[in-house]
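> The listed protein sequences correspond, in order, to chains X and E. Note that the numbering used here numbers the first sequence so that position 119 is 119, with each residue one more than the last. If you want the numbering used here, it's the 1-based position in the second sequence plus 290.
It is worth saying that the hints were derived from the structure and are not from the lab. Certain hints may be false.
To spell it out: a stretch of chain E is covered by chain X in this simulated footprint if at least three of its residues, at any positions, have a beta carbon under 8 Å from a beta carbon of chain X; those stretches are [as the list claims (entries may be wrong)]:
1. 370-376
2. 380-387
3. 415-427
All figures in this text were calculated on a predicted structure; none of them were measured in a lab. Where a beta carbon is used, it is the ideal one built from N, C-alpha and C, also for glycine.
Number of protein chains: 2
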Amino acid sequence: MTREAVLIASLRALATHPAARGLNDDCAVLEFGGEALVLTHDMMVEGVHFLPGQDPADIAWKLVATNMSDLATKGAEPVGVLLGYMLGVDDARFIAGLGEALAHYGAPLLGGDTVSGTGSQALGLTAIGRATHRPVPSRSGAIIGEALWITGPVGAAMIGYEAMRAGSGEALAYRRPVALLAEGQALAPLVGAMMDVSDGVLLDARRMALASGVTIALDSLAVPLACPESRRHDALRWGDDYQLLFTAPADIDLPVRATRIGMVFARGEHPLLVDGLPPPEGEALGFEHN
Amino acid sequence: MTREAVLIASLRALATHPAARGLNDDCAVLEFGGEALVLTHDMMVEGVHFLPGQDPADIAWKLVATNMSDLATKGAEPVGVLLGYMLGVDDARFIAGLGEALAHYGAPLLGGDTVSGTGSQALGLTAIGRATHRPVPSRSGAIIGEALWITGPVGAAMIGYEAMRAGSGEALAYRRPVALLAEGQALAPLVGAMMDVSDGVLLDARRMALASGVTIALDSLAVPLACPESRRHDALRWGDDYQLLFTAPADIDLPVRATRIGMVFARGEHPLLVDGLPPPEGEALGFEHN
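Could you put the whole structure together from the sequences, leaning on the hints where they help?
Here you go:
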């Protein structure tokens, strides 16, 4: 295991609370008053999650969008955010982007902390949401016989990132990803399991299968692309797209646009089958924390 | 203004939500599910808030304690925490200290994010609490005619810090500060205003006076000390003590030990009087974010 995997395992051992699903890639969901409170925290570090020369307004946007996407997977509406901000090269640009993103999602800034730093800039955002439907969707709810769906194409962030690195093109999908809050709320009453594909379709589908104790059979050619067909292999393994991946009956009339890309079966030997076969051992399926 | 002050001013301009009191030195308080949800986020950075050689278990403890102290000022009970953790030199020690602190306060780890980093280690903690009394105490509630009280002595963290720097002594008050959650809950129904003195008694008393629109007259010799009398001047200006500073009637029978250290008057020319005089212009009263 990597150092981070060891750490995460230790933290998971500490996180024994029933609401404690919110480590790295999921939200915490807990009863508060008569409602379900949804909480998520994401950190971004210069040189790891963003490039030193990147526009701080884009970084702020992305920090908000990744957290809002976490809320979207729970069918939650945003209540507000807390910001942990280390002073950077252009704080005014960061705040401009933060303001834009918060206005876009209707999420007020409730508080946080500002600090000076000496090394790479580190940023944290806590998003607080209110579930609009109970039970609150989770990645563990996939039901045998359901179909696997995705709300839209993947590969846009990959193409955008490559364009940005090459200094060409707008790279909007990478710079300004959009969290699907309305879609998540519309889908929440209908889904078995739901998550986003921020770490890659294949990796996230595998996580859903593992959490749900099922096997997911994914039809790789059915996954809609926002990039050339020749990049299909990479696009299925790239993160930073914020489409919603969910299970629901195959014949359902969905309230949002979505594409069927697989089926849920009883758990077999492998949690994930891609075009009928388990992915090769040791092949990276996406962005792994561990 | 410093860069950080400019930043904070910009963030405050963005934080127009009525619950948005939670920037840097206060909690956000909002209605949720028929109850009052209390939220706070603190960040700590290596080289700024802790020393590179410090025991990671102590750093974890302090990160938890500062956030729990914020909850204490609201009379809130902890619901849980979200951790933003950048890999450090000894993650196992950090987790050991985190586990100790969370067990001490009965605050479960609900989730968070772990990241790798390249420079100084940055840590963030979001604490979620439930107010035990309404209205929820704030720093703006001081009432003319009330007395100013403090729950215990200041100066312990200063002495501890100096001992640690000198390599002598246990430095426990600096390494393992204790948040007064039970005291905050017991006081909440009785106080006008309440806050902690984490940035220094004089500075925090001045903030309370400004927020409440009153003048606070503080009797510097009445403030109990956990250090030699010769250090009184410094101890009143040192942060990192987590005593609760609050206003309540002068003749009240308090449920916790506390010392009267001043009075609340109608706002005069100066928000803070120390022994009858305004502190000299330009003199640092404590740890200032701005």
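> Indicate, hint by hint, whether the structure satisfies it.
Going through the hints against the structure:
| no. | hint | verdict |
| --- | --- | --- |
| 1 | 370-376 | holds (count 6) |
| 2 | 380-387 | holds (count 3) |
| 3 | 415-427 | holds (count 3) |
In terms of the numbered hints stated before, the structure departs from none.
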